[in-house]
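Residue numbers (this note's numbering), protein chains in the order written: chain A, 200 to 704; chain B, -2 to 95.
These aren't lab readings, by the way, just hints derived from the structure by calculation.
Glycine included, C-beta positions come from ideal geometry on N, C-alpha and C.
Just so you know, not all the hints are guaranteed correct.
To be verified - Partial list, derived from the structure: chain A residues whose beta carbon lies under 10 Å from chain B:
1. A663
2. Q664
3. T677
4. R679
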Amino acid sequence: MSPSFVEAFARHAADRPGAPALVWEDRPVGYAELYALACRARAQVEAAVPDDGRPVGLRVRKSPETVALVLGCLLAGRSFLLPSHELPDAPFGELCRQAGCSAVLSTLPGPLVDVVVDPHTGPATPAGHPGGGPGGLPLPRRTAEDAPGFLLTTSGSTGLPKVVPLPYGAVTRFSGWVGETFRVGPGTAVLNYAPLNFDISLLDVWSTLACGGTAVLVDPERATVPRHLREQIVRHRVSVVQGVPLLFRLLLETAEQGPLEGPEHVVFAGDAMPGRLLDELPRLLPGARWYNNYGCTETNNSFLHEVDRTLPVTAPLPIGRPLPGVEWLITGGDGRALHGPGSGELLVSTPFQTAGYANAASGERFGPHPDGVAGRVYYRTGDLATREADGTVRLVGRQDFLVKVRGFQVSTQSVEGVLLEHPEVVEAAVVALPDPVAGHRLHARIRLTGPGAAGVLALRQHCAQRSARAAVPAVIETVREPLPRTSTGKVDRNRIREQLLAAGG
Amino acid sequence: MPAEPPAATAVPDVLDGDIAAFVVERFLPGVDAGELDPDYDLLATAVIDSLGILHIAAWLEQRYGIVLPDADLAGRNFRTVAAIRAVAERAARGEGGA
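If we strip away everything but chain A, and leave its shape as in the complex, we get:
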């Protein structure tokens, strides 16, 4: 059995103890130092919560101590639920209950926290533990490849999120792909913009540590300060930057300070990159290789597209090619696999995926190949994709965003895309409201570059020139304040929809 990602991390701590594992508030935390912190956290977890097979819940904000707590759980071979720290008490408690957590752990006292773990105190090698690991500390406990480790949550914006257990082996395989693809290894600094509970931290933080690189942790409190973000990249010689479009929009605000020459690999994740952002990005990141990353919490990454910078870059970017070991298909209206060009729902099967939800039925989402090809479990992504004649795969939108307007199928996302093509439109959200006659009617809320920069009539013409009539919003509302966004930086369409419904539509 090849070493797990946890064992790979331990090996780096043994081989290069002084190398920086993390950077936090401009201070490096070396591999040996982090390994010792993790061993102390592990000892406290094992003492306080005996392993009865149930997961523990972690209620943590990003810091070296909380990274050590996660690593402590991993060294102990435990499974642990890692929800957003922003989740209020009631849903957090309910989520832990649904996941079957035996206790809630944190590095600081707080509501619902049963055990406070302080990685700076206590023995790193408790009595009864054999040493033999880095610096005489214990080795990681060996785990079965299919044993669950991380229990991540989906970003479900309605109701409780779903709990997605990721096996140790799945993360190990993923970290191998990360190391090869983005050349992450000793001396490589990777920016971690996302909160720890996000799936994309599997790349930024946990794969980086498995590969011997340095994870430069962005403090979520300062994650919206463009100058701070730029400083982290420049000062710590970051060569891999992965983030949601919001990160790149913020960084662009520093473009007058000159281009960022350090990053070699720039990865767009979490949401489609708007065309306007792609148009502006060359002046910020002229030398980097750009990638469009496609994945979801359930399967982790499944496709990667490297942008050909010698050709004009247009949105939406393709999602590119399947990662090694990934199987995929697009299903047509009859639910069977499409062969050749066409559109439908994208199904993927990856070496990195979960075996199913811990707190919800999985049958709707996970299943065998619809044409009966045996052997693999496919995940229905809910994303609509188009395979073009030359084999290029693009996302058309979320199936959830498909609505019927006067009998025509319309993707509210593609309507947003059309509005955002207008040079004066900065932000756009399109929501479908129930309509007794039309089925749905589209309400667009947009923010312009300046008050009155474009009239509603001109915007309607803009839409009419680019889309079917059913896809021209019934109402185009312009606002001056920025649109509400979710914690992941996506436009909060649900909130806008609720506001409109509360106001009587």
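Since chain A is already given, all that's left is putting chain B on it; use the hints.
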């Protein structure tokens, strides 16, 4: 209650400005009627749909006493403010159904 239609002999003077004001009030809240060009395509831009056509026809009857024959309740006659004025004037002169 709708006003009593004027006597059929009087041919009412249908104004672009009147139509634009109604279209804006009913279908384009927040837009100034003066911005709506008489040739702006109301159908392509989804300002009005087939239900909207019926609303406008009802308003023409109420405002001017002009009853459009069914044959005139077609998209081509409602595509722009100018087209609505033209179809209303034809109907008022008794030349409807064209």
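Evaluation of the provided hints:
no.	hint	result
1	A663	holds (4 Å)
2	Q664	holds (8 Å)
3	T677	holds (8 Å)
4	R679	violated (13 Å)
The earlier numbered hint that this structure contradicts is number 4, and it is the only one.
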